[in-house]
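**Student:** Chains as they are written, first to last, in our numbering: chain A, 1 to 271; chain B, 1 to 307; chain C, 1 to 223.
Worth flagging that the hints you see were computed from the coordinates, not collected in a lab. Careful, some of the hints might be misleading.
In the DSSO-like style, the derived pairs of lysine-lysine whose C-alpha atoms are separated by at most 27 angstroms in a straight line are [stated by the list, open to error]:
hint, chain 1, residue 1, chain 2, residue 2
1, A, Lys158, B, Lys304
2, C, Lys27, C, Lys107
3, A, Lys130, B, Lys306
4, A, Lys260, C, Lys193
5, A, Lys113, B, Lys251
6, C, Lys67, C, Lys155
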Amino acid sequence: MVELATNIFDAPGSEPATAALKAESRHLNFHYGAFHALKDISLPVHDHSITALIGPSGCGKSTFLRCFNRMHDLYPGNRYQGEIVLYPDNVDILAPSVDPIEVRMRISMVFQKPNPFPKSIFENVAYGLKVRGITQRDLVETKVEQALRGAALWNEVKDRLNELAGNLSGGQQQRLCIARALAIDPELILFDEPTSALDPIATASIEELMLELKEQVAILIVTHNMQQAARVSDHTAFLYMGEVIEFNDTKKLFTMPDKKQTEDYITGRFG
Amino acid sequence: MTPAPTADLRKLIARHRLWERVFTIVGLIALLIGLLVLLGLFTQLAVTGAPRLTPEFFTSFPSRIAEKAGILSAWVGSLLVMLVTACSAIPLGVAAGVYLEEYAPKNWLTAIIEINVMNLAGVPSIIYGLLALGLFVYQFGFGQSILSAGLTLALLILPIVIVATREALRAVPGIIREAAYALGATRWQMVSHHVVPYSAGGILTGVIIGLSRAIGETAPIITIGALTFIAFLPTPPVTGEFPFLSFQWLKDPFTVLPIQMFNWTSRPEEAFQLNAAAAGVVLLVMTLAMNALAIWLRYRIRRKIKW
Amino acid sequence: MEREHIIRQYDLELNEIREKLLEMGGKVEVMIANAMKSLVERDSALAEQTIAFDHHINHMEVEIDEKCLQVLARRQPAARDLRFLTLALKIVTDLERIGDQCRNIAKRVLELNTEPPLKPYIDLPRMSAAAATMVREALDAFVKGDAELALKVCKDDAFVDGLNDQIQRELLVFMMSDPTSISRAVKVNYIAKCLERVADHATNVAEMVIFMVKGKDIRHTVA
Numbered sequence: 001m002v003e004l005a006t007n008i009f010d011a012p013g014s015e016p017a018t019a020a021l022k023a024e025s026r027h028l029n030f031h032y033g034a035f036h037a038l039k040d041i042s043l044p045v046h047d048h049s050i051t052a053l054i055g056p057s058g059c060g061k062s063t064f065l066r067c068f069n070r071m072h073d074l075y076p077g078n079r080y081q082g083e084i085v086l087y088p089d090n091v092d093i094l095a096p097s098v099d100p101i102e103v104r105m106r107i108s109m110v111f112q113k114p115n116p117f118p119k120s121i122f123e124n125v126a127y128g129l130k131v132r133g134i135t136q137r138d139l140v141e142t143k144v145e146q147a148l149r150g151a152a153l154w155n156e157v158k159d160r161l162n163e164l165a166g167n168l169s170g171g172q173q174q175r176l177c178i179a180r181a182l183a184i185d186p187e188l189i190l191f192d193e194p195t196s197a198l199d200p201i202a203t204a205s206i207e208e209l210m211l212e213l214k215e216q217v218a219i220l221i222v223t224h225n226m227q228q229a230a231r232v233s234d235h236t237a238f239l240y241m242g243e244v245i246e247f248n249d250t251k252k253l254f255t256m257p258d259k260k261q262t263e264d265y266i267t268g269r270f271g
Numbered sequence: 001m002t003p004a005p006t007a008d009l010r011k012l013i014a015r016h017r018l019w020e021r022v023f024t025i026v027g028l029i030a031l032l033i034g035l036l037v038l039l040g041l042f043t044q045l046a047v048t049g050a051p052r053l054t055p056e057f058f059t060s061f062p063s064r065i066a067e068k069a070g071i072l073s074a075w076v077g078s079l080l081v082m083l084v085t086a087c088s089a090i091p092l093g094v095a096a097g098v099y100l101e102e103y104a105p106k107n108w109l110t111a112i113i114e115i116n117v118m119n120l121a122g123v124p125s126i127i128y129g130l131l132a133l134g135l136f137v138y139q140f141g142f143g144q145s146i147l148s149a150g151l152t153l154a155l156l157i158l159p160i161v162i163v164a165t166r167e168a169l170r171a172v173p174g175i176i177r178e179a180a181y182a183l184g185a186t187r188w189q190m191v192s193h194h195v196v197p198y199s200a201g202g203i204l205t206g207v208i209i210g211l212s213r214a215i216g217e218t219a220p221i222i223t224i225g226a227l228t229f230i231a232f233l234p235t236p237p238v239t240g241e242f243p244f245l246s247f248q249w250l251k252d253p254f255t256v257l258p259i260q261m262f263n264w265t266s267r268p269e270e271a272f273q274l275n276a277a278a279a280g281v282v283l284l285v286m287t288l289a290m291n292a293l294a295i296w297l298r299y300r301i302r303r304k305i306k307w
Numbered sequence: 001m002e003r004e005h006i007i008r009q010y011d012l013e014l015n016e017i018r019e020k021l022l023e024m025g026g027k028v029e030v031m032i033a034n035a036m037k038s039l040v041e042r043d044s045a046l047a048e049q050t051i052a053f054d055h056h057i058n059h060m061e062v063e064i065d066e067k068c069l070q071v072l073a074r075r076q077p078a079a080r081d082l083r084f085l086t087l088a089l090k091i092v093t094d095l096e097r098i099g100d101q102c103r104n105i106a107k108r109v110l111e112l113n114t115e116p117p118l119k120p121y122i123d124l125p126r127m128s129a130a131a132a133t134m135v136r137e138a139l140d141a142f143v144k145g146d147a148e149l150a151l152k153v154c155k156d157d158a159f160v161d162g163l164n165d166q167i168q169r170e171l172l173v174f175m176m177s178d179p180t181s182i183s184r185a186v187k188v189n190y191i192a193k194c195l196e197r198v199a200d201h202a203t204n205v206a207e208m209v210i211f212m213v214k215g216k217d218i219r220h221t222v223a
């Protein structure tokens with residue numbers, strides 16, 4: 001078998017695509033108080049593509065995601081080491097000199113549960129603009145329409161922009177949250193299990209939307225649903241106990257993973 | 001495993017159901033005792049005071065003749081004192097609540113402050129009266145005025161407002177805060193654009209419940225020396241000449257409804273007891289109206305909010 | 001050894017497919033042996049039986065296909081399980097083709113049995129035995145995930161090809177020396193060709209087994 005191995009080559013198309021990098025974590029360590037939640041994580045996030053993070057509960061995938069918009073800064077006792085570099089301007093967004101607010105204005109996030117503000121549909125989408133100090137009515141209106149169109153929600157809500165967001169269905173609310181995240185023209189969107197509270201049809205429409213969005217932005221998504229990662233992502237990282245076990249092209253990872261641990265997890269042999 | 005015979009199961013369920021019925025009856029009786037006593041008191045008050053509840057009762061000053069005496073100076077005094085109380089307690093209480101809930105770091109110091117705020121709500125009101133007598137009346141030289149009384153009652157209800165504010169803020173889910181932060185909001189933007197507006201219903205309820213407690217307070221007002229017999233109104237706040245607003249009324253002596261009642265009940269003549277009862281009805285209706293307002297406001301604001 | 005799936009029913013389903021494939025492989029082996037026996041012993045009844053038996057093989061192909069589709073639909077298999085199932089789907093096709101080849105052999109046997117015997121068969125039974133062994137070993141390799149064994153099967157194909165060439169040369173000599181033997185020799189040659197195809201199918205299976213185990217595709221790369 002050994003002499004055969006030299007003759008064997010990887011299946012064509014299995015090499016990871018070499019798109020430009022949007023961001024990259026380098027030797028990232030993260031502590032919640034005394035708990036070492038992320039251990040030396042180095043992962044790339046490619047531009048115009050979807051990178052999925054999978055792994056069992058508590059593996060650190062959400063923690064990792066929330067490093068990208070400095071969400072951990074909101075709570076005491078959290079500590080970062082290492083860096084997350086944002087391209088093309090090559091800044092380490094974890095550096096203490098970088099204001100987390102600036103990071104959040106460039107990298108937006110969609111949460112696990114739809115969380116629209118109890119305000120009108122319009123105000124929800126316009127909120128990011130308001131925070132940015134954009135007040136010209138016509139500009140705001142244009143941006144809101146663009147964002148709602150981008151989130152494939154415009155046709156459903158264009159006649160009721162002043163209605164409360166809470167009256168929308170769950171799937172519509174999540175698309176509204178995506179529109180809200182889009183309105184600030186982000187460079188990278190973080191999705192934290194965005195469909196875990198939705199039914200399969202709403203889930204499919206969010207997945208379709210993510211595939212459309214990746215033409216414009218880089219997407220990093222945490223998902224509990226391995227099939228979802230397999231369906232939408234271009235690259236997948238498998239995390240376990242705060243470590244990256246494998247990062248690979250999604251096609252490769254779900255057919256011929258390099259690591260036994262990955263294989264056991266994705267085939268349902270974990271535990 | 002063999003299942004228990006159905007007959008045994010039925011006996012067991014019957015026993016459980018018996019206890020359920022017993023408690024239903026006990027609970028109902030407990031509720032009725034409380035309600036009926038209150039209702040009895042109110043009816044008695046209303047029946048006694050009814051003959052005196054005429055328009056003149058509201059537009060007359062107190063008098064030595066019971067039939068001519070009214071509560072004009074008392075209800076105007078109560079209203080103005082409440083105005084001062086509300087204007088000082090709401091900003092202070094809400095700001096303190098917001099600070100404690102949203103800004104203060106969670107450590108032993110803030111834990112002690114939290115416990116003490118809770119305790120302040122339980123301090124007897126006469127203690128506040130004593131404090132205010134020393135501080136506002138003598139130290140600050142506000143005198144035995146509407147301002148002193150309003151500030152005293154504000155102190156009294158401050159803990160209620162703070163606790164209510166914190167409870168209301170806590171009801172706003174963390175995920176909404178994170179949504180605001182994730183869009184680049186600062187803490188202040190998050191608080192002022194989202195958390196406070198969304199918890200306004202709860203905060204208002206707390207404020208109104210605080211005010212309805214303040215409006216009935218007698219002891220601290222007497223302590224700071226409110227007069228019991230006032231036959232004139234404070235200076236009107238609106239004047240005919242520039243700048244059209246006057247704050248002279250703040251320094252004026254005053255009386256309030258509960259003190260007027262207290263004064264009348266201590267008179268020997270039977271006729272004044274009717275006046276006291278009538279004033280009592282007015283006070284009760286004012287309190288109930290304020291509570292009703294609180295419920296309505298909460299309903300109005302909560303209706304828009306779905307988490 | 002292999003970890004089990006968290007869902008035990010999933011393991012049971014995969015095992016059932018594995019066992020059905022083995023059973024199908026066993027039946028195919030018997031078919032090869034019977035076809036050869038009917039030739040050597042001029043047993044037309046056995047040849048008829050072999051032809052009729054192909055029906056069972058076809059039936060099993062359909063059955064295994066269905067089971068694979070059901071698991072694919074219900075379990076969304078990934079990685080090794082996915083490779084196992086897609087391979088199982090392909091392997092049944094190869095096994096079914098082997099069954100077809102046996103039927104073809106048996107049909108030629110029936111024709112040959114109506115004429116006088118051409119010659120005693122020596123290399124054909126050896127070829128048949130080698131092909132049957134390859135089929136068995138390829139399936140063993142598949143079931144055990146044994147890449148070494150699969151590689152041996154790939155290499156054994158050369159032996160069967162060699163025998164085929166030898167038989168062809170031998171038959172050519174027969175045909176040149178005695179033109180009346182041509183019609184029979186062509187049929188015998190056809191049988192040899194069928195056995196060579198059986199060995200090729202076994203090789204296909206073995207190559208796919210290496211893919212399944214190693215995650216590497218050696219099809220069309222190793223001679």
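**Student:** Evaluate each hint against the coordinates.
**Tutor:** Going down the list of hints, with the structure as the test:
no.	hint	result
1	A:Lys158 x B:Lys304	holds, 20 angstroms
2	C:Lys27 x C:Lys107	holds, 18 angstroms
3	A:Lys130 x B:Lys306	holds, 23 angstroms
4	A:Lys260 x C:Lys193	violated, 42 angstroms
5	A:Lys113 x B:Lys251	violated, 55 angstroms
6	C:Lys67 x C:Lys155	violated, 32 angstroms
The structure fails hints 4, 5, 6 (numbered hints given earlier, in ascending order).
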